[in-house]
Amino acid sequence: MNLSATDWQALLLTLKLAGVTTLLLALLGIPLSWWLANRRGRLRPLLEVVLSLPLVLPPTVLGFYLLLLLSPNQPLGALWQQLFNRPLVFSFPGLVAASMLYSLPFMVQPLLAAFDQRALPLAQAAAGLGMPPLARLRSVVLPACRSALVVALSMTFAHTLGEFGVVLMIGGAIPGETQVVSVALYQHVENLDYGGAHRLALVLLLLSVLLLLLGRYWGGRLSGVLLPSRKSSVESALEARP
Amino acid sequence: MVKNLFFGIFCCLFLLSCSEPPQAKLRIATASNFRPALEILRVDFEKSCHCRLEIASGATGMLYSQIREGAPYDIFLAADSERPRLLQRDGLIAPGSYRTYARGRLALWIERSLLRTESGADLPGFVPAAQIAPPHLALLLENWRSKVVIADPQLAPYGDAAVRLLRRLKLWRHLRGQMVYAANVGHAQILLREGHAQLGLIPMSLALASGKGGDYMAIPEDLYPPLEQRMVILKSSRNKALAQQFADYLLAPKTQQRLGELGYFSAAGAPVAGTPVAGTPVAGTPAAGAPVAGT
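Chain order of the listed sequences is L and R. Reading the first sequence from the start, the letters are residues 1 to 242 in UniProt numbering. Reading the second sequence from the start, the letters are residues 1 to 295 in UniProt numbering.
Keep in mind that a hint or two might mislead.
Simulated restraints, written as ranges between beta carbons of each label pair [stated by the list, open to error]:
{"id": "1", "chain 1": "R", "residue 1": "Ile-55", "chain 2": "L", "residue 2": "Thr-6", "range": "31 to 39 Å"}
{"id": "2", "chain 1": "L", "residue 1": "Leu-57", "chain 2": "R", "residue 2": "Asp-44", "range": "31 to 39 Å"}
{"id": "3", "chain 1": "R", "residue 1": "Gly-70", "chain 2": "L", "residue 2": "Arg-44", "range": "46 to 54 Å"}
{"id": "4", "chain 1": "R", "residue 1": "Ser-146", "chain 2": "L", "residue 2": "Thr-6", "range": "36 to 44 Å"}
Covered stretches of chain L, going by a simulated chain R footprint (3 or more residues, C-beta under 8 Å) [said to hold, decoys possible]:
{"id": "5", "region": "69-76"}
{"id": "6", "region": "187-198"}
Hints were generated in silico from the structure; no laboratory data involved. Backbone N, C-alpha and C define an ideal beta-carbon position, used for all residues, glycine too.
Okay, chain L solo, but in the shape it has when bound:
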C-alpha cells in the first residue's frame, strides 16, 4: 500500500487512539454497566438515556460543547489548566477523553443487555451461595458475558477508528498528535486528492472488517481464548455425550 508518511502517521495515531480509548473505556464501562444492571429504581431509565446521548447528538455538536466546556474561561477548563498547565484540547489526551465520551454507549449498551439478561440471575444465585461481589463479577458474570464483552470491545475500537466530528472540533489536525485517519481522509477529499483518499479509506475499511470479523470469531467459537471458560461439570458432561 502506497501511503504517504503523513498518512502512516495518521494511521498509527488512530490505532493508538482506538486502543487507549478501548482499554480505558473497558476499565470504566464494565463496572459502570454492572452497577447500572444492579440498579432497580426510577433513576435507572434516566441514567440509561443519558449514557446513550452520544449516539444521538451529532459529533460536531458534541465537539462544540466540549470546546465550550473545556474553555479556559470555564471552571472545568480552568481547573484542568491549573492541574496540568496545558490545555486539554489540541492534544492526544484530549482526544482520548473525547473519544471515551463519544464511544461510551458502544461499550455500555452490549454489556448492560448481557448483564441484564444472562448474568444477573447467575450472580444472584452465586450471591445466595455466599460468593463475594468481586469474585462474582470476575468468575461468574464476565465469563457468562464474554461474547457481549468481545462485541463491546470490538465495537468501541471500530467506532473510535471512524471518529471524525469530535476530533475535528477539538483536535486541531496537528500531525502526529491529533491528525487521525478520518481527518486526513477528509483533507484528501476536500483537496481533490481522491487517490490518497481512496487508499486511506481502503485501509480503514479492511481494518474495520478484519476487526469486526475477529470480534465475531472470538465472541463465538474461540471465546475460551479471551477468558477461561468455566463450564459446570454438568455442562461438560452433557457435551461429552455422543
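Knowing the structure of chain L, use the given hints to seat chain R on it.
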C-alpha cells in the same frame, strides 16, 4: 383532551405554514469568512427582492467539492479565485458569472491582556485595530511560545495566506510545531474566542465580528498573497435571474462601500473609505511596502 391538544397543535402548525407568503429562495454557499458580512447584507437584499436567502457556509474547499458533486446551490461565494476558476473550467457555472466580489484581509487576533502593559496602556507599536508594522509582527511571532490557530491551509484560502505570511516572515519553521489547524475560519474564530489559544491569524471580517475577549490588528496586505474572493452563479441553478440580481447587488457601489466596515477591500482593490484601519494611527513607522524584517 389529548385529542383536542393534538388538534390545537395541528391548527397552529397549519396557520404558521399559511402565514408565510410563498417566497423565492436563493441558495448561497459562502466561504465561512463572508458569512457575518452576508448576514448583514442579506437584510437589505431580502427587502428589495421579496425573496429569502438560504445560506450554507464552510471552507471553500469543502463547498467546492460539494458543488462538483451536484449540491443544489445557486451562487457560490468563495474565499479565493482558484476554486471558482476550477468550476468554470469544468463548465459548471453560468457564463460570465465569474466575478471578484471582495478582497479579503488577514488579521492578527490576540488576547487582549497580552497587548497591554500592567497599567493597562497599549504596548508601543501594538495598538488594537491599527495596522501592525512588519518588524513588530515579526518580533511578536518570534517570541511566541504557545499555540497559533489558523484555518486548515489545505482547505481554506485564509489558512493558506497565513502560512504564506509566516513563510514570508521566515518564521514558518520556527512556528510550525505550534500550529493548530481549524476546520474552517469560523472554527478558528470559536477556538480563539473560547480562549483555547491566545493568538491566531483569521479573516478581518471575523475578527471584527467576534468582539469579546480579544483584539485584532490588521496585517499589511503586501505580506501575503491577495485574497481575491470570487463568486460564480452555478449552471445548475434554477433561479439564475434572482442569482444575477444578488450578484448585481453585491457588486453595486453602495454595497462595495459597505464591505469596508465589514472587513474587506472592495472588489476594485482599493481600500474602501471607512475601513476601520484608515482612521486610526498606523502603528510603527515603516510605510506599507517597506522590506520585512528578516527577508
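Verification of the hints:
no.	hint	in the structure
1	R:Ile-55 to L:Thr-6: 31 to 39 Å	holds (33 Å)
2	L:Leu-57 to R:Asp-44: 31 to 39 Å	holds (37 Å)
3	R:Gly-70 to L:Arg-44: 46 to 54 Å	holds (47 Å)
4	R:Ser-146 to L:Thr-6: 36 to 44 Å	violated (24 Å)
5	69-76	holds (count 4)
6	187-198	holds (count 5)
Consistency note: the structure conflicts with earlier hint 4 alone.
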